[in-house]
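Student: Line by line, the protein sequences give chains B and Y. Residue numbering for the first sequence follows the numbering used here, beginning at 1 and increasing consecutively. Residue numbering for the second sequence follows the numbering used here, beginning at 1 and increasing consecutively.
Hints should not be assumed to be uniformly reliable.
Which copy is meant is left open, because identical chains are indistinguishable; a pair holds if it fits in one copy or across any two.
Below, in silico cross-link-like pairs of lysine-lysine (DSS-like), each with a Cα-Cα straight-line distance of 30 Å or less [as the list claims (entries may be wrong)]:
(1) K82 - K122
(2) K424 - K186
(3) K309 - K424
(4) K222 - K482
(5) K479 - K490
Just so you know, the hints here were simulated from the structure itself, not pulled from any lab data.
2 protein chains.
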Amino acid sequence: MKFDLNVSFAFSNDVSSIKKDLEKFLSDFNKTLSAKDNTVKIKEIKINKNNLSFSIISEDTLRPHNVLLNLKNSIGREFGKKHHVGVREIKINRYTIDFYLERKALKKVKIPFADVKIKNKKATISLRNITDDFLQRNYIDRMISRVKEKVDNQYYEGKGEFWKLVWESVDKKPVWDKDPTEEMSKLGWLKQGPTKGKWFYRSEATAILKTMEKIAIEEVLKPLGFKEIIESNIVPFDVWLKTGHLEGMPGEIYYVAEPSTRDVEKWEKFIDLTKITREVPFGELKKNLSIPNAGLCYAQCPVIYWSFKGKTISEKSLPVLVYDNTVISTRYESGGRHGIVRVDEFHRIEPVYIGTREQLLKLREKFLDRYKHVFNDIFELEWRMAWVTPWYMQQAGKIGEETTQDTGTIDFEAYMPYRGDRKKSEWLEFQNLSILGDKYVKAFNIKAQKSELWSGCSGIGLERWTTAFLAQKGIDPDKWPKGFRKYLTKLPEGISFV
Amino acid sequence: MKFDLNVSFAFSNDVSSIKKDLEKFLSDFNKTLSAKDNTVKIKEIKINKNNLSFSIISEDTLRPHNVLLNLKNSIGREFGKKHHVGVREIKINRYTIDFYLERKALKKVKIPFADVKIKNKKATISLRNITDDFLQRNYIDRMISRVKEKVDNQYYEGKGEFWKLVWESVDKKPVWDKDPTEEMSKLGWLKQGPTKGKWFYRSEATAILKTMEKIAIEEVLKPLGFKEIIESNIVPFDVWLKTGHLEGMPGEIYYVAEPSTRDVEKWEKFIDLTKITREVPFGELKKNLSIPNAGLCYAQCPVIYWSFKGKTISEKSLPVLVYDNTVISTRYESGGRHGIVRVDEFHRIEPVYIGTREQLLKLREKFLDRYKHVFNDIFELEWRMAWVTPWYMQQAGKIGEETTQDTGTIDFEAYMPYRGDRKKSEWLEFQNLSILGDKYVKAFNIKAQKSELWSGCSGIGLERWTTAFLAQKGIDPDKWPKGFRKYLTKLPEGISFV
C-alpha cells in the first residue's frame, strides 16, 4: 500500500518569520514518525505567508490521515503559545492511495467520495477537496475494503452457490403431481391477499399451516428445550446495521414510515380531501410522514440478538435456546413470486441458540435427529440435506467457496413432483440449520461469564413445510401419512358461496 | 338549500346568428326541468359572439351541477348537426350553495376547494374557477356533508363518551397493588423493544400471554364454533377507504413503504455509503422508496371483510364465525404510551361474525356467557360491563349520543388496584364486544343468498387480558386462582445474566 496525502495549513498569521522553526519542528516530527514506521515521510514542505503545505507519504501501518491530526495538535501546542499562531484551516489538496488486489478487476469499480482507477492488480483511490473532518471519520480503510470487495464480487457474480450433498432419503412415490397453491386456490382454501405476494388463508389452509406449527413445536422445539419469546415486528436500522441486513438487501425490505405527527389539525386537510374525493391525497400524506428509520421483520434473529446486547450470560444459562413464533416475515420479492412458496409475507418459527462451540455442535446433531424424525416418520417425505453457502455471506454479497463442518448452513430440500423429474427439477429448500460462529454475538457484544460464545439459527417456514408436504402427499387428508394424521385427520368445513 | 351556478360556454363559432334558436332551446329545456323540479331555473342568459353565459338555480333535489352536463350534451346534439357549432369549453364562473345547519357553528369551518361562510345556522359554500370535470366528480354533496359534520363535531369535542353500566361483579380483594409492567420489567421478564412503544417478552412474560391466548381459544372461540383464518399484516389504502380508517385515524397508522426497485445497481450507492460511513444514507434511501399505499394492521376486521368482498354467502354457512390470531396490531400512540397497556404494537385475537340480526343477537348472549365464565371462574376478576359509543363512530370523528341495544359496543372494564381507589380510579378496558349493523357488509358488498346481513367483532387483546389479570392477581403463580392454574402453574426458568 502507498499513501500520499497533500495538505495545506492556513495559519492565523504570516509564518514567514518562523519558517526555520517550523521546518525544524517538521523535521523532528518526521524523525519521531520514522522511528515508529520508517515508510512515513513528510516532504514537499512549502511555507508562504500564512500558508504551510506538505505531503505525508507512507507505505505501512501508520496512515497519513492518522498522522495528520496528531501533527495539527502538536503544531498548535508548539507554536500557539510561543509565537501566537494557530492553524485556522486545513485543506486536503489530494489524497492518493495505491493498493494491490488479489485478482484483476473484470470491470470498472466506483465508490462514493473518491475516484478509483485500477490497472492490472493495482488500484488507486484519489480523494480531492475533502476536509480533515472527513479524514477523522475513519472512512478510508472502509473505502479500500469496499473496492476490494467489489472486485472480489465480480468473480462470484453468476457463479453457482457451493452445494454438497450430506444425506438423502430413498425415492418415494408421490400421491399426485399438482401445485398445492393452485389446487388450494381453486378450492377456495386460499385467496391472494389484498397486496402483492401476500395470502389470505381460509380455515382449511389455516388448519394445515397451524398443524405444521404444532408439529414444529411439539416434535422439534420442546424436546430440544427451546422456550418461546415474543419480539417486535419492527426492526430499527441500527439493529440491521449490526447484522448487515441494511447493506445486504436494502431492496428487499418493507420500510416502515411513522406519522410525523398525531395532531388532528395537521391531518385535517388529508381527512377533508379523503372524505370529499374518496381518493388518497398522496401529496398531503407525504407532508405528514417521517422518513423510515425501521423496516418490517426480514428474519427474526436480529431482534433476538439485540435483546442480549451488551449482556453477560451466566454459564448455567448456556446454551440459550429461544424461539420467536409471533412476528411475520416480510420481503419485497418483486418478480420472483410464486404461490405460497415465494411470497412477500410468510410465517416462520425461528429458534436461535447461543452457547459454546461444543454445545452448538452437539445441539446440531440433536436438531438433525428431530428434523429427520419429522420429515421421515411424520411427513414421510422424499428429501435431502446439503451443505450450502451460509446465508449471511450471501446476504452480505459474498459467496463463499466452501464451508467448514463447524460453522455453516445445511439446507433441507424436498422433491416437488409438480416441477417434473426428480433428477432434473429444482427441489424446494424447506428448512435450514446454521451455526454462524461468533459473527452475531460479537456484533451485539454478547458475552458469557467464562466461555467463548457462538450462535446459530434454524428458520422453520410454515409455508415451506406445508408446500413440501402437500406437493408430495396431496390435499386429501385420507391419503396423508399416519404420523401426520395423528395431528390432523379432517379439515374444517369451509364457507359456501353462491 | 339553494344552489346558484353561473357558467360560460365558449362555442366553436360565433353564435350571434342563432341567438333566437339558442334562447328558444334554453327556454324549452327550462320547462322540461321545471316539470321535474319547479325550483330549477335557467336565467341571466347572455349571448355574445362565441359566448353563452347563464345561471342555473335550484332549491330542491335536482342540482345545477347535474343539470349542467345534461344541458351541454343536449346543446351539442341540437346545434352540432344543424348549425355546425359545438361547445369548446365550459367555464364555471361561480357556484354558490346555501344550506342550513342544525346548530350554529361554534367556530370557523374550512374545507378544501371552496370558501365557507356561516351566519347563524345558514352556511354558504362558494366555489370559483373550477372546471366542469370537477363538478362531475360528485364532490359537491360530500363537501356539504363535510361542513355539516365539522359543525356537529364542534359540539361533541371534549364531551364525554356515552357510558352506561350493564353489569358489575362484586368487589374482590386484590393480591397486590403494583403495576404489572413495572414489576415484570424489574424481574427481566419484559424489556422495552428496540423502537418506541414495543416490547420484547422474555419466556416468563411470553408464557403468560400465550396462556391468555390458549384460554381465549379453548374457553371462548372454540365453544362458540369460531374457525381460524390467517390474514395479511399489510392493509392497502383501498380497504381502509371502505372501512373509514384512513380518514378516521391517519395520524395513528404505521405506513408501509415498498422499495421502488429491487435492482442492485440502483441500491449500489446506498450500500456503498452504508458500508463506508456505517450510517444510514437517508437521501439515497428516499430516492429508492415508493410513497406508501398501505399500512400495518390497525384492527384485524377490515381485511377479513375484504376477503368476503362482493361474495354471496350460502344460508347454510351463516353465521360466518372466523378469527385471526396471526397478524400484529400497530398504532402510532405518540404521547399516551404506558407499560404493555398502551403500546404501539400489540397482540389481539379478533373474531368477526357475519349473520342475520337474530343470529348475532343470540351470538352476543353466548359470547357474554363465555366471557363471564373466563373472567369470573378462571380469572376471578373484579370487572364490569358498560354500553359505550361504538368505536367505529369514534373513529369516524362522530361521538354518538346513545346506542341501541341491537347495534353498539359493550366495553369490559377491570379494576386496576395500582391506580388507586376502585371508585375513583380509571378502570382498564380489557375487552369489547360489538354488533355493527350493516355498516361493513354494505361497504364490502357482502350478501347472503336470502337474508339481510349484519356483522360484528370482539377484539381479545392479550396484553389487556394479561394486565387486567396480573394487576389484580399478582405475578406469583402460587397465588393465582385455581381456574387459571389449570392452564399455567409454573413459569419457565429465565436466563441469568451476570
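Student: Taking the hints in turn, state whether each one holds.
Tutor: Verification of the hints:
Within a single copy, K82 and K122 get their C-alpha atoms no closer than 46 Å, and across copies no closer than 84 Å, so neither meets the 30 Å cut-off. In this assembly of identical chains, the alpha carbons of K424 and K186 lie at most 30 Å apart only when taken from the same copy (28 Å versus 57 Å across copies). Proximity of K309 and K424 under a CA criterion of 30 Å is satisfied in neither setting, with 46 Å inside one chain copy and 42 Å between copies. Taking identical chains as interchangeable, the C-alpha atoms of K222 and K482 lie at most 30 Å apart whether they share a chain (22 Å) or sit on different chains (26 Å).
Taking CA atoms no more than 30 Å apart as the test, K479 paired with K490 passes inside one copy only; the shortest distance there is 11 Å, against 40 Å between copies.
In summary, the numbered hints that this structure violates are 1, 3.
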